[in-house]
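Please take these sequences and the hints and turn them into a complete structure.
Here the protein sequences come in this chain order: D and R.
Taking our numbering, the leading residue of the first sequence gets 1, the next gets one more, and so forth.
Taking our numbering, the leading residue of the second sequence gets 1001, the next gets one more, and so forth.
If you are wondering where the hints come from, they were derived from the structure by calculation, not from laboratory data.
A hint or two may mislead.
[Claimed, not checked] Short derived list, chain R residues pointing at chain D, Cβ under 10 angstroms: (1) Gln-1200; (2) Asp-1209; (3) Leu-1225.
[What the hints assert, rightly or not] With a cut-off of at most 20 angstroms between alpha-carbon atoms, the simulated EDC-like pairs for lysine to aspartate or glutamate come out as follows: (4) R/Lys-1038 / R/Glu-1284; (5) D/Lys-204 / R/Asp-1270; (6) D/Lys-179 / D/Glu-208; (7) R/Lys-1250 / D/Asp-268; (8) D/Lys-179 / D/Asp-82; (9) R/Lys-1250 / D/Glu-271; (10) R/Lys-1208 / D/Asp-277; (11) D/Lys-203 / R/Asp-1270; (12) R/Lys-1208 / D/Glu-208; (13) R/Lys-1122 / R/Asp-1139; (14) R/Lys-1142 / R/Glu-1126; (15) D/Lys-91 / D/Asp-103; (16) D/Lys-319 / D/Asp-35; (17) R/Lys-1208 / D/Asp-268; (18) D/Lys-319 / D/Glu-208.
Even glycine gets a Cβ: it sits at the ideal position worked out from N, Cα and C.
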Amino acid sequence: MTNASNIPLLQVKNLRIEFPTRRGILTAVDDISFDIAAGEVLGVVGESGAGKSLTGAAVIGLLEPPGRIAKGEILLAGRRIDNLPFEELRKIRGREIGAIFQDPLTSLNPLYTIGRQITETIETHLDLTHAQATTRAIELLNEVGIPAAEKRIDHYPHQFSGGMRQRVVISLALAANPKLIIADEPTTALDVSIQAQIITLIKKLCREHHTAVMLVTHDMGVIAETADRVAVMYAGRIAEIGPVAEVIHSPQHPYTIGLMGAIPSVGDNHERLAQIDGAMPRLTAIPSGCAFNPRCTRIKDVPNNRCTTERPDLLPAGKTRAACWLHSVSAMNKQAVTA
Amino acid sequence: MNIKSNVLLEVIDVAKEFDVSKPWLNRVIERQDRQILKAVDGVSFTINRGETLSLVGESGCGKSTVARLVCGLYTPSRGSIKFDGVNMADAGADEVQQLRKRFQMIFQDPFASLNPRWRVGKIIAEPLRVHKIATDDADVKKRVDKLLTQVGLSPLDQEKFPHEFSGGQRQRISIARALSSNPEFLVCDEPTSALDVSVQAQILNLMKDLQREFGLTYLFISHNLAVVSHISTRVGVMYLGRLVEVADTKRIFANPQHPYTQMLQSAIPDLHMTGKQRTPVAGEVPNPLNPPAGCAFHPRCPHAYARCKSERPNLIDYADGGQVACHAVEDKRINIRVAA
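Okay, structure coming up:
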């Protein structure tokens, strides 16, 4: 803990998540590495089945069996947490890593009042008396914008609307002042106007508490509004990672380029949207080489069939890093020119 | 007067009420009255041939109910729906059968809208057989082959079952089925909300191509404003069972008039990070069982005054053929901003 300031808050190194099935082992997340600095918001975006939610679940130790971490390390503030025994992990979960899930109705217990659920979390992790915990719960509810918190604390989850429930879940995630929050599709189940409220709230609270956030979503708009950096996932790998503005305005990986063109946006006057033909491969049929190669339009620009034979790792590309051989080609060309 | 007018569908003051009361005995014991949910409460609009009208709004605003009313899946509690000049409620059984051939529906969930026990060929051919458009097997097969090719699938796919396809491919099958009776009018209820963005782009492009090719007219229901701005000619914004604003797509996003439309517009996450000015979003949609008196939006509206709390605003025309239901706009308390 001597140079704690230099260590990123969360480091994920070569993480691989596998599912053993009757037909063999499926690799859902394949050798991904990233880190999150303290107070930073990392967006993780991708289509369904890209492995983004599994990555989040692995970090917080909530991978559903038979899914398992087959390889790699997860370090929180320099301490390895992926191999901790259950009880140890339980202390970290909630205390140091909070979680916000997509559906606020299923992440709250319908049989307990919300006050009981929040005070329970506070008492488990912090050394407070019941009365102090209740006061803190009311403070938290006020902070997330629930009106008349001292009355609402005795209400059950079904008495809240969807947006209000998600606010309760956020207050639960913040209850023990964690350093990192995993937010898995926190606004997907909500209407646009409520979504805007929740995004603003998450941004505000994380700035005030200096909490880092791993924001998992399929909505690029939410990422653009919230995140500092973004990782684009495709078929269990990170296709591109970099600062949000760079990835949105000058994407480097052909998949990210296609994805950005495919998102309709208000005020654009395109007659047609850019379209990536085909669909993401199933886990049982991931192509060799780069998993994107059957859909890629630039495959001819890389010599020696490299895309279909050899798997690219993240390479520096523009101001981001992209897992695409094109960038090693351009790097080679540049070298040739300068030589 | 021209017999074939430009208006294909006319919806006049349509309402749909659902009885959501508890059983009789509970009502007697708990001394409760019947509870009526007004899902759609007096909605009027027209759709011209070849255009796409989109209805947007938050969950529970009645947009899907309108789609189902138009398709005849619900009967309206009040008002009338005219398709190509014929009032659906007054038409005889034969006439309705003839009309029904001319409009079809695409549903949101491609996993629930295809029969899992039927082969794709049989699913797509169903409207052909029901409407007796093609009866002999060779003709049916020829038409199904053509439809599958049109939506970007292979004719060989008709031997497969729906579970063998991905979400986007299933939505293509739904579109092929909807197109099989050569309809003029398609009602699309959130056709892309269950799909990933790259697949959504494929389906939206396909829908636009088909519209150009066959001169289709769409009623498009969605909660995604970006999708709506991409696909539609005109947009109607709904709030608690009422239309609050109808205008051209460009106009409604560049220059929204109704305070609710303004709020929705500024709530859209900004992909281009232009740091646009936002109208702060406050409050939530009230309970539709007990909607506020007067304008249903007044508890959340920054411009509300006494008249809004007592009198319900009706759609009034303003410049450019747009319509807005707002007392503040009508009384010029909010200046109508001129489009730049």
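Now the hints, each set against the structure:
Interface hint status for R/Gln-1200: upheld, as the beta-carbon distance to the closest one in chain D is roughly 7 angstroms, under 10 angstroms. A cut of 10 angstroms between beta carbons decides the hint on R/Asp-1209: the least distance to chain D is about 8 angstroms, and the hint holds. A cut of 10 angstroms between beta carbons decides the hint on R/Leu-1225: the least distance to chain D is about 6 angstroms, and the hint holds. Among the hinted pairs, R/Lys-1038 with R/Glu-1284 is consistent with the structure: their alpha-carbon atoms are about 18 angstroms apart, no more than 20 angstroms.
Of the supplied pair hints, the one linking D/Lys-204 and R/Asp-1270 holds, its CA atoms being roughly 17 angstroms apart against a limit of 20 angstroms. Restraint check: the Cα-Cα separation between D/Lys-179 and D/Glu-208 comes to about 12 angstroms, which is no more than 20 angstroms; the hinted pair holds. Only pairs whose Cα atoms come within 20 angstroms are accepted, and R/Lys-1250 paired with D/Asp-268 is accepted, the gap being roughly 10 angstroms. For a cut-off of 20 angstroms, the pair hint linking D/Lys-179 to D/Asp-82 stands: about 17 angstroms separates their Cα positions.
Restraint check: the Cα-Cα separation between R/Lys-1250 and D/Glu-271 comes to about 13 angstroms, which is no more than 20 angstroms; the hinted pair holds. For the proposed pair R/Lys-1208 and D/Asp-277, the alpha carbon gap of about 16 angstroms is at most 20 angstroms, so the pair holds. The straight-line distance between the Cα atoms of D/Lys-203 and R/Asp-1270 is roughly 15 angstroms, inside the 20 angstroms bound, and the hint therefore holds. Taken as a hint, the R/Lys-1208 and D/Glu-208 pair is broken in the structure, with Cα atoms around 46 angstroms apart against an allowance of 20 angstroms.
As the CA atoms of R/Lys-1122 and R/Asp-1139 are separated by approximately 13 angstroms, the hinted pair is consistent with the 20 angstroms bound. Simply put, R/Lys-1142 and R/Glu-1126 have alpha-carbon atoms about 14 angstroms apart, close enough for the 20 angstroms limit, and the pair holds. Restraint check for D/Lys-91 and D/Asp-103: the C-alpha separation of about 24 angstroms exceeds 20 angstroms, so the hint is violated. At roughly 17 angstroms between alpha-carbon atoms, D/Lys-319 and D/Asp-35 fall within 20 angstroms of each other, so this suggested pair holds.
A threshold of 20 angstroms between alpha carbons decides the hint, and for R/Lys-1208 with D/Asp-268 the separation of about 16 angstroms falls inside it, so the pair holds. At roughly 29 angstroms between alpha-carbon atoms, D/Lys-319 and D/Glu-208 are farther apart than 20 angstroms, so this suggested pair is violated.
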